[in-house]
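Engineer: Sequence:
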Amino acid sequence: MTIARVFPRRTKATPDDPLAFIGPPPKKRLPDLDEVHVSVAFTYDLAKAYDLAEQWTKTGIPVRMGGPAFQEPGGNFTPGMYLKPGYIITSRGCPNRCWFCSVPKREGGKLRELPITDGWNILDDNLLACSETHIRAVFEMLMRQEEKPLFTGGLEARLLRSWHVELLRKSRAKRFYFAYDTPEDYAPLVDAGRLLREGGITQASHRASCYVLIGYPNDTMEAAEKRLRDTWNAGFVPFAMLYRDEKGIVNREWGKFQRMWLRPNIVTTKLKANMDIGKVKTG
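Its first residue numbered -15, the sequence shown is counted upward by one per residue in our numbering.
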(Lines of atoms letter the chains of each structure in order from A and count residues from 1; the text may use other names and numbers.)
(Lines give C-alpha, C1' and ligand atoms only; values in the text may rest on other atoms or scores of the structure.)
Protein backbone atom coordinates (compact mmCIF):
# COMPACT_ATOMS: atom_id res chain seq x y z
CA MET A 1 0.00 0.00 0.00
CA THR A 2 1.35 3.43 -0.98
CA ILE A 3 0.65 6.01 1.72
CA ALA A 4 1.37 9.73 1.76
CA ARG A 5 1.91 11.25 5.19
CA VAL A 6 0.87 14.83 5.77
CA PHE A 7 2.11 16.96 8.70
CA PRO A 8 0.86 20.37 9.88
CA ARG A 9 4.41 21.55 10.59
CA ARG A 10 8.00 20.41 10.12
CA THR A 11 10.15 19.47 13.09
CA LYS A 12 13.56 17.82 13.34
CA ALA A 13 11.79 14.45 13.56
CA THR A 14 9.53 14.90 10.50
CA PRO A 15 10.22 12.46 7.65
CA ASP A 16 11.67 14.03 4.52
CA ASP A 17 11.08 11.31 1.93
CA PRO A 18 9.09 12.03 -1.29
CA LEU A 19 5.81 10.79 0.25
CA ALA A 20 6.01 13.09 3.28
CA PHE A 21 4.22 16.42 2.80
CA ILE A 22 3.95 19.58 4.88
CA GLY A 23 0.69 21.41 4.35
CA PRO A 24 -1.85 21.17 1.49
CA PRO A 25 -1.51 19.05 -1.66
CA PRO A 26 1.22 20.27 -4.03
CA LYS A 27 0.25 21.67 -7.40
CA LYS A 28 2.40 19.12 -9.20
CA ARG A 29 0.94 15.73 -10.07
CA LEU A 30 0.81 13.35 -7.15
CA PRO A 31 2.10 9.77 -7.40
CA ASP A 32 -0.42 6.95 -7.33
CA LEU A 33 -1.55 6.79 -3.69
CA ASP A 34 -3.80 4.39 -1.82
CA GLU A 35 -4.26 6.57 1.26
CA VAL A 36 -3.28 9.87 2.83
CA HIS A 37 -2.52 9.93 6.56
CA VAL A 38 -2.64 13.30 8.33
CA SER A 39 -0.37 12.89 11.36
CA VAL A 40 -0.84 15.32 14.27
CA ALA A 41 1.56 15.40 17.20
CA PHE A 42 0.29 18.48 19.06
CA THR A 43 -3.26 19.36 20.12
CA TYR A 44 -2.73 22.98 19.11
CA ASP A 45 -2.27 21.81 15.50
CA LEU A 46 -5.65 20.04 15.35
CA ALA A 47 -7.57 22.88 13.69
CA LYS A 48 -4.91 23.18 10.99
CA ALA A 49 -4.85 19.40 10.58
CA TYR A 50 -8.62 19.19 10.02
CA ASP A 51 -8.29 21.89 7.36
CA LEU A 52 -5.48 19.93 5.70
CA ALA A 53 -7.56 16.75 5.77
CA GLU A 54 -10.37 18.58 3.96
CA GLN A 55 -7.97 19.88 1.31
CA TRP A 56 -6.42 16.46 0.73
CA THR A 57 -9.86 14.83 0.53
CA LYS A 58 -10.50 16.93 -2.59
CA THR A 59 -7.78 14.92 -4.36
CA GLY A 60 -10.11 11.93 -4.27
CA ILE A 61 -7.67 9.87 -2.21
CA PRO A 62 -8.99 8.35 1.07
CA VAL A 63 -7.77 10.41 4.04
CA ARG A 64 -7.22 9.20 7.59
CA MET A 65 -6.20 11.25 10.63
CA GLY A 66 -4.23 10.15 13.68
CA GLY A 67 -1.31 10.84 15.98
CA PRO A 68 -0.65 11.71 19.64
CA ALA A 69 -2.91 14.79 19.50
CA PHE A 70 -5.98 12.54 19.29
CA GLN A 71 -5.16 10.96 22.67
CA GLU A 72 -5.45 7.45 21.24
CA PRO A 73 -3.03 4.66 22.26
CA GLY A 74 -0.20 4.21 19.80
CA GLY A 75 0.34 0.90 18.04
CA ASN A 76 3.58 -0.84 17.15
CA PHE A 77 6.26 1.47 15.81
CA THR A 78 7.01 1.53 12.06
CA PRO A 79 10.45 3.07 11.35
CA GLY A 80 10.45 5.98 8.93
CA MET A 81 6.65 6.18 8.69
CA TYR A 82 5.74 9.13 10.93
CA LEU A 83 9.24 9.87 12.21
CA LYS A 84 12.45 10.46 10.27
CA PRO A 85 14.66 7.35 9.90
CA GLY A 86 16.86 6.97 12.96
CA TYR A 87 14.17 8.21 15.34
CA ILE A 88 12.60 5.22 17.07
CA ILE A 89 10.17 4.24 19.81
CA THR A 90 10.75 0.95 21.68
CA SER A 91 8.02 1.35 24.34
CA ARG A 92 4.88 3.35 24.90
CA GLY A 93 3.34 4.72 28.06
CA CYS A 94 4.54 5.70 31.51
CA PRO A 95 3.47 4.57 35.00
CA ASN A 96 3.60 8.16 36.29
CA ARG A 97 0.63 10.52 36.10
CA CYS A 98 2.17 13.98 35.87
CA TRP A 99 -0.46 16.73 35.69
CA PHE A 100 1.03 18.41 32.63
CA CYS A 101 1.65 15.24 30.59
CA SER A 102 -0.72 13.77 27.99
CA VAL A 103 0.90 10.32 27.95
CA PRO A 104 -1.27 8.81 30.75
CA LYS A 105 -4.41 10.09 29.02
CA ARG A 106 -3.29 8.54 25.74
CA GLU A 107 -1.84 5.25 26.99
CA GLY A 108 -3.96 4.72 30.12
CA GLY A 109 -1.05 4.83 32.56
CA LYS A 110 0.29 1.50 31.26
CA LEU A 111 3.75 0.74 29.91
CA ARG A 112 4.07 -1.43 26.78
CA GLU A 113 7.35 -2.75 25.46
CA LEU A 114 7.42 -2.86 21.64
CA PRO A 115 9.51 -4.82 19.15
CA ILE A 116 12.91 -3.12 18.90
CA THR A 117 13.85 -1.66 15.52
CA ASP A 118 17.14 -0.15 14.39
CA GLY A 119 17.77 3.54 15.05
CA TRP A 120 19.76 5.83 17.30
CA ASN A 121 17.44 8.55 18.62
CA ILE A 122 15.22 7.05 21.34
CA LEU A 123 11.87 8.80 21.88
CA ASP A 124 10.27 6.44 24.43
CA ASP A 125 7.93 8.01 27.00
CA ASN A 126 9.88 6.42 29.87
CA LEU A 127 12.56 3.96 28.75
CA LEU A 128 13.97 3.40 32.26
CA ALA A 129 10.56 2.15 33.45
CA CYS A 130 10.93 -0.83 31.11
CA SER A 131 12.23 -4.23 32.17
CA GLU A 132 15.97 -4.79 32.44
CA THR A 133 15.76 -7.32 29.62
CA HIS A 134 14.18 -4.75 27.29
CA ILE A 135 16.57 -1.96 28.24
CA ARG A 136 19.63 -4.14 27.67
CA ALA A 137 18.24 -5.26 24.31
CA VAL A 138 17.76 -1.62 23.30
CA PHE A 139 21.38 -0.84 24.12
CA GLU A 140 22.59 -3.93 22.24
CA MET A 141 20.80 -2.53 19.18
CA LEU A 142 22.26 0.93 19.74
CA MET A 143 25.80 -0.41 19.91
CA ARG A 144 25.38 -1.80 16.38
CA GLN A 145 24.55 1.59 14.88
CA GLU A 146 27.01 3.85 13.10
CA GLU A 147 25.51 6.93 14.80
CA LYS A 148 26.09 7.58 18.48
CA PRO A 149 22.81 7.26 20.40
CA LEU A 150 20.65 10.15 21.54
CA PHE A 151 17.94 9.91 24.18
CA THR A 152 15.77 12.91 23.36
CA GLY A 153 12.63 11.28 24.72
CA GLY A 154 13.99 11.78 28.21
CA LEU A 155 15.11 9.53 31.06
CA GLU A 156 13.59 9.52 34.54
CA ALA A 157 16.23 10.44 37.15
CA ARG A 158 14.43 8.58 39.96
CA LEU A 159 14.86 5.29 38.08
CA LEU A 160 18.53 5.69 37.09
CA ARG A 161 20.83 2.94 38.39
CA SER A 162 24.55 2.26 38.07
CA TRP A 163 24.02 -0.39 35.39
CA HIS A 164 22.11 2.17 33.28
CA VAL A 165 25.09 4.53 33.56
CA GLU A 166 27.44 1.75 32.45
CA LEU A 167 25.28 1.15 29.37
CA LEU A 168 25.22 4.87 28.57
CA ARG A 169 29.00 5.00 28.86
CA LYS A 170 29.63 1.83 26.82
CA SER A 171 27.26 2.94 24.06
CA ARG A 172 29.11 6.29 23.82
CA ALA A 173 25.76 8.09 24.00
CA LYS A 174 26.10 11.52 22.44
CA ARG A 175 23.50 13.16 24.68
CA PHE A 176 20.72 12.08 27.00
CA TYR A 177 18.04 14.16 28.66
CA PHE A 178 16.47 13.93 32.09
CA ALA A 179 13.59 16.12 33.28
CA TYR A 180 13.04 18.65 36.06
CA ASP A 181 9.32 19.36 35.90
CA THR A 182 8.21 19.58 39.54
CA PRO A 183 9.97 20.39 42.85
CA GLU A 184 9.95 16.67 43.69
CA ASP A 185 12.18 16.00 40.67
CA TYR A 186 15.20 17.87 42.00
CA ALA A 187 16.52 15.50 44.68
CA PRO A 188 16.46 12.51 42.26
CA LEU A 189 18.19 14.71 39.68
CA VAL A 190 21.02 15.43 42.12
CA ASP A 191 21.34 11.71 42.82
CA ALA A 192 21.38 10.96 39.08
CA GLY A 193 24.14 13.52 38.54
CA ARG A 194 26.21 11.82 41.25
CA LEU A 195 25.67 8.38 39.69
CA LEU A 196 26.74 9.67 36.28
CA ARG A 197 29.95 11.19 37.66
CA GLU A 198 30.73 8.03 39.62
CA GLY A 199 30.23 6.06 36.39
CA GLY A 200 32.72 8.19 34.48
CA ILE A 201 30.34 10.56 32.68
CA THR A 202 31.53 14.00 33.66
CA GLN A 203 29.66 17.29 33.52
CA ALA A 204 32.45 18.69 31.34
CA SER A 205 31.44 16.31 28.53
CA HIS A 206 28.02 18.08 28.28
CA ARG A 207 26.42 14.73 27.47
CA ALA A 208 24.03 14.86 30.42
CA SER A 209 21.25 17.37 29.75
CA CYS A 210 17.94 18.10 31.41
CA TYR A 211 14.62 19.45 30.21
CA VAL A 212 13.39 22.09 32.66
CA LEU A 213 9.70 22.96 32.45
CA ILE A 214 9.07 26.72 32.56
CA GLY A 215 6.18 29.14 32.09
CA TYR A 216 3.43 26.96 33.55
CA PRO A 217 0.56 28.60 35.53
CA ASN A 218 1.87 30.73 38.43
CA ASP A 219 5.51 30.24 37.41
CA THR A 220 7.82 33.27 37.49
CA MET A 221 10.97 33.98 35.52
CA GLU A 222 12.94 34.36 38.74
CA ALA A 223 11.83 30.92 39.91
CA ALA A 224 12.43 29.42 36.46
CA GLU A 225 15.97 30.81 36.28
CA LYS A 226 16.72 29.38 39.72
CA ARG A 227 15.57 25.94 38.56
CA LEU A 228 17.73 26.22 35.46
CA ARG A 229 20.78 27.19 37.49
CA ASP A 230 20.07 24.47 40.06
CA THR A 231 19.98 21.99 37.18
CA TRP A 232 23.49 23.01 36.20
CA ASN A 233 24.60 22.68 39.84
CA ALA A 234 23.21 19.13 39.83
CA GLY A 235 25.51 18.27 36.92
CA PHE A 236 23.34 18.80 33.85
CA VAL A 237 23.12 21.23 30.94
CA PRO A 238 19.66 22.84 31.33
CA PHE A 239 17.32 22.96 28.36
CA ALA A 240 14.24 25.17 28.91
CA MET A 241 10.94 23.60 27.84
CA LEU A 242 8.14 26.15 27.59
CA TYR A 243 4.73 25.02 28.83
CA ARG A 244 1.91 25.21 26.28
CA ASP A 245 -1.77 24.70 26.90
CA GLU A 246 -3.98 22.78 24.46
CA LYS A 247 -4.29 25.90 22.29
CA GLY A 248 -0.52 26.22 22.08
CA ILE A 249 -0.56 29.81 23.28
CA VAL A 250 2.87 31.12 24.30
CA ASN A 251 3.48 34.35 26.20
CA ARG A 252 5.89 36.50 24.18
CA GLU A 253 8.05 37.39 27.19
CA TRP A 254 8.27 33.74 28.22
CA GLY A 255 9.25 32.93 24.65
CA LYS A 256 12.15 35.40 24.85
CA PHE A 257 13.18 33.93 28.18
CA GLN A 258 13.17 30.40 26.79
CA ARG A 259 15.39 31.35 23.83
CA MET A 260 18.07 32.46 26.31
CA TRP A 261 18.16 28.90 27.68
CA LEU A 262 17.97 26.76 24.54
CA ARG A 263 21.41 26.66 22.92
CA PRO A 264 23.72 24.42 24.99
CA ASN A 265 26.90 26.28 24.02
CA ILE A 266 25.47 29.66 25.01
CA VAL A 267 23.93 28.30 28.20
CA THR A 268 27.10 26.58 29.39
CA THR A 269 29.25 29.62 28.58
CA LYS A 270 26.89 31.84 30.58
CA LEU A 271 26.77 29.50 33.55
CA LYS A 272 30.52 28.96 33.61
CA ALA A 273 31.08 32.72 33.48
CA ASN A 274 28.81 33.23 36.47
CA MET A 275 30.68 30.52 38.36
CA ASP A 276 34.00 32.25 37.65
CA ILE A 277 32.59 35.58 38.86
CA GLY A 278 31.40 33.90 42.03
CA LYS A 279 34.88 32.47 42.63
CA VAL A 280 36.46 35.93 42.24
CA LYS A 281 34.02 37.45 44.71
CA THR A 282 34.58 34.82 47.35
CA GLY A 283 38.31 34.36 46.80
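Watch out, some of these pointers could steer you wrong.
Using 25 Å as the maximum straight-line C-alpha spacing, the simulated DSS-like pairs for lysine-lysine come out as follows [what the hints assert, rightly or not]:
id, residue 1, residue 2
1, 254, 158
2, 210, 68
3, 32, 12
4, 32, 42
Please keep in mind that the hints were generated in silico from the structure rather than gathered at the bench.
Engineer: Does each hint fit the structure? Answer for all of them.
Structural biologist: To see whether the hints hold, each was checked on the structure:
Pair hint residue 254 plus residue 158 holds up; C-alpha atoms about 22 Å apart against a cutoff of 25 Å. About 35 Å separates the Cα atoms of residue 210 and residue 68, which puts this hinted pair outside 25 Å; it is violated. With a CA separation close to 22 Å, the supplied pair residue 32 and residue 12 stays within the 25 Å bound. Under the criterion of a C-alpha separation no larger than 25 Å, the hint pairing residue 32 with residue 42 is consistent with the structure, at around 16 Å.
In the structure shown, a violation is registered for the earlier hint numbered 2 alone.
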